[in-house]
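*Asks:* First to last, the sequence lines map onto chains A and B. If you're matching positions, the first sequence starts at 51 in my numbering and goes up one per residue. If you're matching positions, the second sequence starts at 2 in my numbering and goes up one per residue.
It is worth saying that the hints were derived from the structure and are not from the lab. From the three backbone atoms N, C-alpha and C, an ideal C-beta is built for every residue, glycine too. Please note that a few of the clues may not be correct.
Said to hold, decoys possible - Just so you have them, the derived chain A footprint on chain B, three or more residues with Cβ under 8 Å:
{"id": "1", "segment": "402-416"}
{"id": "2", "segment": "442-449"}
{"id": "3", "segment": "525-537"}
{"id": "4", "segment": "557-569"}
Here is how the chains run, residue by residue.
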Amino acid sequence: MTLLFNILAQGVQMLLVLALAPLLIGFVRKLKARLLRRKGPPIIQPWLDLIRLLRKEVVLAENASWLYRVAPYLIFAMIWVAASLVPTFATGLTFSWSADLIAIIALLGSARFFLALAGMDIGTSFGGIGSSREAMFGSLAEPAMMMIVFTVSFVAGTTQLSEIAAYMVANMELRASVGMALVALLIVAIAENGRIPVDNPATHLELTMVHEAMVLEYSGRYLALIELASALKLLLYLSLIACVFFPVGLASHDAGAEAMMIGLCAYILKLAIGGGALALFETTTAKMRIFRVPDFLGAGLMLGLLATLLVFVTRSL
Amino acid sequence: MPLYLALTCVSALLTVSIYAIVDRRNHDVSRNVYRLCTGLCGVLFLAAVMPRGAHVVSTTLPLGLPWIGMHFRIDVLTAFFLAVVNLGGVAASAYAIGYGAHEKEPMRVLPFYPVFLAGMNLVVLADDAFTFLVAWEFMSLTSWALVLTHHHEEENRRAGFVYLLMASFGGFALLMAFGVLGGVGGAYDFASIRESTKEGWKTGLVLALALVGMGSKAGLAPLHIWLPLAHPAAPSHVSALMSGVMTKVAVYGFIRVVFDLLGPPAFWWSVEPMTFGAASALIGVLFATIQSDLKKLLAYSTIENIGIIFIALGLALAFKANGMALPAALAFTAALFHVFNHSLFKSLLFFGAGAVLHGSGERSIERLGGLIHAMPKTAILFLGGCVAIAALPPLNGFVSEWLVFQAILLSPALPQWTVKLLVPAVGVALALSAALGAGCYIRAYGVAFLGRPRSEAARAAHDPDRWSLAAMAVLLTLCLMAGLLPSLLIDTISPVAKDFVGGRMPTQAELSWLSIAPIAESRSSYNGLLVFLFILFSAYSARWVIHKFGSARSRRAPAWDCGYIETSPMTQYTGSSFAQPIRRTLGAIAFSVRERLDMPAPGDTRAARLSVDIKDRIFDYLYAPLTRAVESCAAGLNILSLLTIQEYLALVFAALVFLLVLVAI
C-alpha cells in the first residue's frame, strides 16, 4: 500500500511538472505583457499552441537525418526525467535517489548535446550559429553550476536533492556562501533558459538568436516537444531554486496526503513568485551583446568558486 | 597457471611477429597476423580474469641479467590492467582484420604490431625494474616504428622524431627513478624495493622522476607535445592502441611505483599529480576544441582524460596519506573506472576516425559533413562514443566523472590547507574540462557527420567492413554496460583499492535496483539503468501519445533557413567557425591566438581574408628555449674537439680529480 502510494506520488509529480511548465511560461508572458501595459494572451495560451502544433503535419528538411527526428523525443524525455527528479511539493519520492544533483545537471547536459547536434543536422548556417553559441554558453554555465553544487553539498554534506532540502529546512540560517551560490544559480538559470539578457525567447531577429536558431527548422510535433522541453527546463530551475534555497512547506514523502497538499500550494506560490520576479527582471533589462555573455557567466563561475572557498574557510575555523 | 598462460601468450605474440616477416609474400599474411593477435589477446584477457587460486602469483625465469633473472607477477592491479590492455588489444586486432587489409605497406606494421602488444603486456606483468624497463623500451620502440608507418610524409617523420626524443627522455627518467629506488646495493626486484626503507629525499626524487617518466608516456602536460603528433600519425588501429591502451600502461606504472613501491604516502605527494592533472585536463580539452584534424582532436582529448585520471589518483594519495580509507578507495576506484572507460571509448572513436579516413580519405572535419547519410552505421557507433566520452548520462564516461566529483566533495575533511585549497581549484578545472569536452564532441560530430557534405569525398564515403563495425559495436556495448551497470565494475575494482589504498567502497551489489552509492545512499547515489529506462519510457510514451492523439504525418521540403537557403555546402558552419566563440573567450588565456582580418577597401574587388594563428604556449615558452639552450651548449662545446693533446690530458686529469673528490664526499 505504501509502495503504491509512493509510486502514485512520483507519478503525480511527473504529470504535475508537465502540466505546470507551459502554464508557467504563459504566466510569465502574461505578466510581461501587463508590465508593458498590453493585455497579453491568456495563461493557457502555450498549452493551446502546443496542442495546435501537435496536430500539425511535420515539414522535414530534405537532408534531415534520423538524428533530427529522434532528437526532440530524447531532449524532451531527458528534461522531463530531470524535472521530475527535482523535489517540487514533497521530498524523498520513490525514485528521487536514482539521480543526485550532479546527475540531474548532467542530464540537462545530455539534452543540450542532442539539441546542439540537431541544430547542425540540416546544414544551415543559422543552425550552426545556434549550436556554436549554445556550446559556448554551456561550457561556462555548467562549471558555474558545478561550483554551486559544491557549495550546497559542502554545507549540507550530500548531493541528494531531497536530503539537501531536508537539511536546509532543519537548519534555517543565513549563510553568506549560500547567498552567493543563490546569485550564481540565478545567473546560470537565466543563461541556461535563454532569457533576457542572455537570449531573448521572443526574438526571431536572425543574428541575435541562440536557442531559436538551433530549432529554426523544426515544425509540428517536433517543435512542440522542444518548446515543451524548454518550458520544463525553466520550471526545473525554478523548482531547484525553490527546493534548495526556499524549502518552506516541502512535505516529506511519508507525511501523508494533507502535508502534500500544503506542499503543493506552497510550490505553486513559489513558482508564481519566481515567474513574477523573472518577468519583472526581463522587462527592466536589455539584452546584452553575445560576447558579453561569457563575462556574465564568468561572474557566475567566480561567485560559485568564491562561495565554495568560503564554505571551506568557515568550515575549518 | 594464469601467469604461465599469460607468458606463453606473450611469447606466442613475439613468434607471430617472426611469422609476419617469414610469410611476408603471402597475400593473407595481414589477415592471419591480426587473427592470431585477436586470439592471443583474447586468451590473455581470460588469463587476467580467471580465478588465480592464490592472491598473488609470481615466478622467476632465468632470462635477462644472470644475477637477477626476470620476475613476473600477477596481483589484483596487474590483473585489472592486463584485462584493460587485452580488451583494447582484442578490439584493435579484430578491427584490423578488415582495416589492416587496406594498408599499402603492410610490412611496416605487421612485424611491429604483435611486439607492441607483447611489450605492453610485459610491462604490466613485470616484477623487477630490469624487466619493467626492457618491456617499456620494447613498447616505446615498436610504437615508434608504427608511428613511422607512413614515413613518406614529412609531418610523420617529424612526429616520429619528437616521439623518440620524448620517449628516450621518459625512459631515462624511469631508469633514474628505479636506480634511486634500488639503491647502491642494486636489489632491483620489486619485492626487495618494497621492503627497503626510503629516506625523505628519495621519495620526493622518485615521485618527481616517476611523474616525468610515466607522465611523458601518458601525455601529462607539459610533457604532452609528442602525443598529438605521434598518435594520429600511426594507422588508426595503432592510434587506438596508443591512445586507449599505451597511456593506461603508463598510468599503471605510476600506480605501481607511487602506490606500491614507494611505501606509505605523505600528503604532499598528491599536489603534483593533481596540479599537472588539472593542467592536462584543461590544455587537452581546449586544444581538442580547436582542432580540425579528427585524429588530432582525439589525441588531444586523450590528454584531457589522462588529466582526469591523474586528478583522481592525486586525490587518492591525499586521502590515503591522511588515513581516510573510504574516500581514498572512492578516488582510486574513480581513477581505475576512468582508465577502463577511456580505453573503451577512445579506441571506439579512433576506430571511427579510421573508418572515416578509409571511407572518405579525409581526416580534416572541414572537408567532411553529412557522413550520417553516407556512413550510417559508423555514424551511430561514433555518436555512441561521443556521448560516452562527453561524460553524459546514461553512458559510462559520466559514471567515472561522477565518482571523481564525489571524491572531490569529500575533500573538506582533509586537514592540510595546501590540499584543501587546491582541491576546489582542481574541481573547477575538472568541471570546465567536462563541459568543454561536451562542446568539443558536439563540434566534432556535428561538423563531420551532420549537415551537408563539404566535398565529393565526403559524399562518396562508405561504411567499413564487417570486422571493423563489429569491433566498434562490441566496444559501444561495453560502454553502455559500464554505464548502466556500474556497480559490477566498482565491485570488481574494489579488491584493487583494498590492496593499494587500504580501504574499499561498500559492496555495490548489495544495493537495491543496481544503483551505486559511494559512501551512503543518503549522501549520494546514482542509478544509470533506472535513468536510462526512465528516458526510454518517457520518450516512447510521448511518441505513443503524439502519434495516437496528435499527428504522425510528415513531409519533406527544402530547408527553410529564415527564407533563403544557400546552395553551396561551404556556407555551413565549419569546425573553425564553430570553435570561434571558445577561441575568442578562452583563447587569450589558453593559447596565443592571433586573428587577422584583411579587409579590402571599399571599391576594391579583392576577397577579404581572415587568418588565424594558433600557437601552443608551452611549446613557445618551455620547449623552444630548451632547444635553443641545447643548441648553444652544443655549439659552445664544439671547441672541445679542437684542443691540443696536452689540453686533453689536463682535462682528463681534472675530471679524474673531480670524480675522486665526489666519491670521497
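*Asks:* Name the hints, by number, that the structure is in violation of.
*Replies:* none
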